[in-house]
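Participant: Residues per chain are reported as follows:
2 protein chains.
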Amino acid sequence: MEKITLLAPISALTALVFAAYLAWKVMRLPQGNALMVKISGAIRKGANAYLRIQYRGVALFFGGMFIILIVLASFKFLTPFVPFAFLTGGFFSGLSGFIGMKIATAANARTANAAGKCLDSGLQVAFSSGAVMGFVVVGLGLLDISIWFYFLNFWYGSVRIIADEALRIQAITSAMLTFGMGASSMALFARVGGGIFTKAADVGADLVGKVEAGIPEDDPRNPAVIADNVGDNVGDVAGMGADLYESYVGSIVATGALAVAAGHGFKGVAIPMVMAAIGILASILGTFFVKTKENADQKTLLMALRRGVWLSAVVIAIAAFPLVYYMLGKENIGVYGAVLSGLMAGILIGYFTEYYTSDTYKPTQNLARASQTGPATIIISGLSLGMLSTLFPVLVVCVSIYVSYHVSGGGTSFDHGLFGIGLSAVGMLSTLGITLATDAYGPVADNAGGIAEMAHLGKEVRARTDALDSLGNTTAATGKGFAIGSAALTALALIASYVDQIKIIKPEYVFDLSITNPNVLIGLFIGGMLPFLFSSLTMNAVGRAAMSIVYEVRRQFKEIIGLMEGTAEPDYETCVAICTKAAQREMIVPALLAIVFPLGVGLLLGVNGVAGLLAGATVTGFILAVMMANSGGAWDNAKKYIESGELGGKGSDAHKAAVVGDTVGDPFKDTAGPSINILIKLLSMASIVFATLIVKFSLVK
Amino acid sequence: MEKITLLAPISALTALVFAAYLAWKVMRLPQGNALMVKISGAIRKGANAYLRIQYRGVALFFGGMFIILIVLASFKFLTPFVPFAFLTGGFFSGLSGFIGMKIATAANARTANAAGKCLDSGLQVAFSSGAVMGFVVVGLGLLDISIWFYFLNFWYGSVRIIADEALRIQAITSAMLTFGMGASSMALFARVGGGIFTKAADVGADLVGKVEAGIPEDDPRNPAVIADNVGDNVGDVAGMGADLYESYVGSIVATGALAVAAGHGFKGVAIPMVMAAIGILASILGTFFVKTKENADQKTLLMALRRGVWLSAVVIAIAAFPLVYYMLGKENIGVYGAVLSGLMAGILIGYFTEYYTSDTYKPTQNLARASQTGPATIIISGLSLGMLSTLFPVLVVCVSIYVSYHVSGGGTSFDHGLFGIGLSAVGMLSTLGITLATDAYGPVADNAGGIAEMAHLGKEVRARTDALDSLGNTTAATGKGFAIGSAALTALALIASYVDQIKIIKPEYVFDLSITNPNVLIGLFIGGMLPFLFSSLTMNAVGRAAMSIVYEVRRQFKEIIGLMEGTAEPDYETCVAICTKAAQREMIVPALLAIVFPLGVGLLLGVNGVAGLLAGATVTGFILAVMMANSGGAWDNAKKYIESGELGGKGSDAHKAAVVGDTVGDPFKDTAGPSINILIKLLSMASIVFATLIVKFSLVK
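Residue numbers (my numbering), protein chains in the order written: chain V, 1 to 701; chain D, 702 to 1402.
The set of hints was computed from the structure by calculation and includes no laboratory data. Do not rely on the hints blindly, as some may be mistaken.
What the hints assert, rightly or not - If the Cβ cut is set under 8 Å, some of the chain D residues that face chain V in the computed set are:
#1 A735
#2 L736
#3 P1076
#4 A1197
#5 V1211
Stated by the list, open to error - Straight-line distance between alpha carbons at most 16 Å, and here's what the computed EDC-like set of lysine to aspartate or glutamate pairs gives:
#6 K45(V) to E573(V)
#7 K656(V) to E918(D)
#8 K1357(D) to E573(V)
#9 K558(V) to E212(V)
Think of the CB as a built atom: it goes at the ideal place given N, C-alpha and C, for glycine as much as any other residue.
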């Protein structure tokens, strides 16, 4: 075994230590005055309550799945490690989200308080807490991979010895692949459940609070305001963390598995791990370059974050060259191009997302203008903007596929090309530590703004938290673009791994993955439809849950005497409980879809049909997710643009229309859109785990 | 040559004679009072003006393309017939729309007038004029096919003799295939241009008239009201006619071409033509069963139309059995199952469309209820409804693909299976004569309602025209479902034909249509994105054009003294001119996309990439089109549901929210959605026509 693979656990532990250090730095800061402590405590309490209930539900699911997998493994349909790998994947994915949320809910009041000093102090606290989550995700991800890697190496090298190196590596990577399914399942629950929670609370709070009662956003009299702030944490932090944990782990493991088929042997398996390790170190370095001055405008603030990400990317780009050269030799140096194309694609997708969703560019400004003729035109324009915005991300992904396939030797060997595609996903995700930091920063800043508002902090402080919050909207949008792009590339790597797995299970199987094969074609249609179905279910869930919140808030305004006057306190906890319950109930069907469809299609249409399903879902899912994220982001920022005083400002008819756009965009960008990321990965993961079952029992051989 | 093929031209001429008879029957009816004559005249004048300008623009395009094709043909990249076939396809497609629109604009006042007598009279006039268009489309379509079929048979049989029968049939079908591109191009202009016109006028008229000036729909004081009524004709009649002409011709010709590869020889080529001929006769029969009683409710009225369609379908189902038996022999009787599956699929898709869009079912009623919490929730629910509604149509199409492939012998021979898929499209479209009649009936009834309103006809008359109009909404929605479903199956047949054509052009070409081939994968992504891009462009076009109408209507209300009081007349013509100009300008880019993308992808990624592009576009296009059509239809009917007095009725807040939903739905269901049908067919057609060019000059061999 190569010594260089030791870099993986070392970097993973470094990331965790660094995260602990940042967490310590944040935690020793003061939370501010008593009111701030109280509000932050309420948010924390709500978030904890939510996660406790969610994890209880998820534990049931994992328990059930564990038993099913044990049974399947005992019939030899799975290797004996799968059930345990499934559990660890789920556990670490959930833990990433949990820790991220813990620190985020601890940092919100501290950010607001630090913003009382100066803008940079506020930025530092919020960013540091985001970075805790970023490094926890990459640290736990790479640690999990390393542990399994070393354990399986030991197992197949010393206990159940597989003498042939190629076969041994294959056994190792196959077993590792399956633990991604645990991470995916966990991520799905976190994303979908959190997404439903956050938007039900947000939409519900806005519909009654802003529209009916006419009180401002984040007003403490609104009974749903704490639920709204809790939602930011459980959806945008815990959900996002679990999602990207899964992409990160999935891309590394899938690429390792593809390396075997490409004949790169042990070094090929190690390279994505080491790439990830380098990425962690580069990301840590990058965090030190994030700082700003007082009175910085949005552009300067954004540059402060960008500087860190770009620096990390450059370091990775430089370090990857000798790495590839050393590991795979001069003849495979083209693989370096695959890493670069992935890195570039991540940055470009982020750029295009920003272009289409930030109000410093024309598309969102024009969208804001469409609000002048009422809600209908801003909705039409926003949907249209989202659809148009899919063009460049699709082209970027296509170029990335093309380049990474060909520079890695796809022209002469198919498997080499697929390995290249996998590595481009790893390349894109190598900056995850810091990218996720800038992304998870958003909800903390958002919460800080809410606390500043609720605690009636000074105008200057609120101007600072507003600036930080507004920046968070942009980074959240680009973060979503990054999450979707990496999910698409990861899903492609997983599809290739799926095909590989079938070859291992049944070497004599003759594939017909041609799009003129009706089974593939039907798979494409069904797969293409799934993201639509999935989005419909999750958006409906938000609508239903939001409705319950509306009724509850109306009830409280009616029944609690003195609430509107500010002399009585609302009952925040009921709203949190309603959202929690709704999220738990509504996340079950979407989760089952992602497991039932590949199994069902596999049993009815065979291996080729499943491949069609996966390709269809990945293509449509990617496009739909980009559209929803960008429409939603642009509506949000168009509203903010008007609130900044343009086109009549707050309270104008244009503003009212823009609020409608924003409300429609909420479930788009924070529930349905990001959930699709997981859907496409979980579909592939489920297909891989159940591959033996499908090969054995499918009606179509 | 089989004598039975003579049935094709005979049926085609019968259809045309029948259409002429119906037209004569409609035309000899009185138009009503002077005001009605005047209004109808204004609509007719506007529609004619629009079509004149559109055909002038289209003529330029066709002239240019003709020259390009002549050049390509002279370099032997195309057979010499292609340029002429292209022209005739375009000419007949345009003519279908033109005649349909002529009769529709002549029948509107007559329908209103007949409704003065009784409900059935009104229904008869509107349905007869719809039937004129239905039978003109199928008559001209089958006539065009017959003429080319006989001419090419004569040419290759007597002039440039190809002795080998198989090669001769191949030469004939190849040449015939290409004239579908002419029909497609024409259809695109008609659908996109008409779609932009109609919704710009509709949205613009509603935004100022209903919302700002507070005058009812179809109020003669609204300067955009004539443009709105013109739009119904140029979009929903002329556009729809050209669209379905193209599906009809495309499916017959593509299936004929597939018959050659399947080795069914001459009889296989003849069978889709004869199937179509039987369909025409069955449809004519069906029209005699459409009648209703006075005081019929919506359900009874709908049944009146349904009876005709179902009867035709049953006749076709019975007649197809001996036909298949006689033509292809007992050993191929399974092909009959393909025809049946197509017929059934058409009816089922219509049913599911109705279920999701009619206010007699729960989905639309629930949607209406979502309007009670404002425009945002009805938009979210409507989008969600549309997404959910894709599930069953996708499954129906998948079952149809599966069944028609396998019953036709796909299990043993791939080409037999594809021929079966083609025949299922032909089976679905065999009822087109009468299906289109029920569909084109809608705009006539809509116009009649408008004229009744503007001419201040009695309350009873308006109640009858309202009933007819409301029925038209349902048939328009199911008609759209039918158009989309048939477009998807036709596109699949065309993709198969494309692959066939490549085999003919370069028999030694080794396909790799596997979804793991990066070129195919990239094609899938780009193809999948195209319907989104296309929809964005067309919706934006509507938005821009509607804005111009808003400004113009506002200007007239301000500058024309006495307009609001009804003492002065508005300037209808300027609004018509604005819409016309906008439609012409805005349809160019989408049309170019459909030709540039397959060429570009072909040159960069080769034959396999193009196949991926076509598959991706067909899958996403079908799903997106269904979603848009159903969301739009449901919003429209949710509004009508409220207007019928539910949930507070007209003028309530719920109604205002529902109007927003309806306005968003307008470009969905009448511009972007239906345009996608053509996009997916035109992409395939363009790929077929430029196949030689791509094979020769592609960077990827």
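Participant: Name the hints, by number, that the structure is in violation of.
Facilitator: Going through the list in order, the structure violates hints 1, 2, 5, 7, 8 and respects the others.
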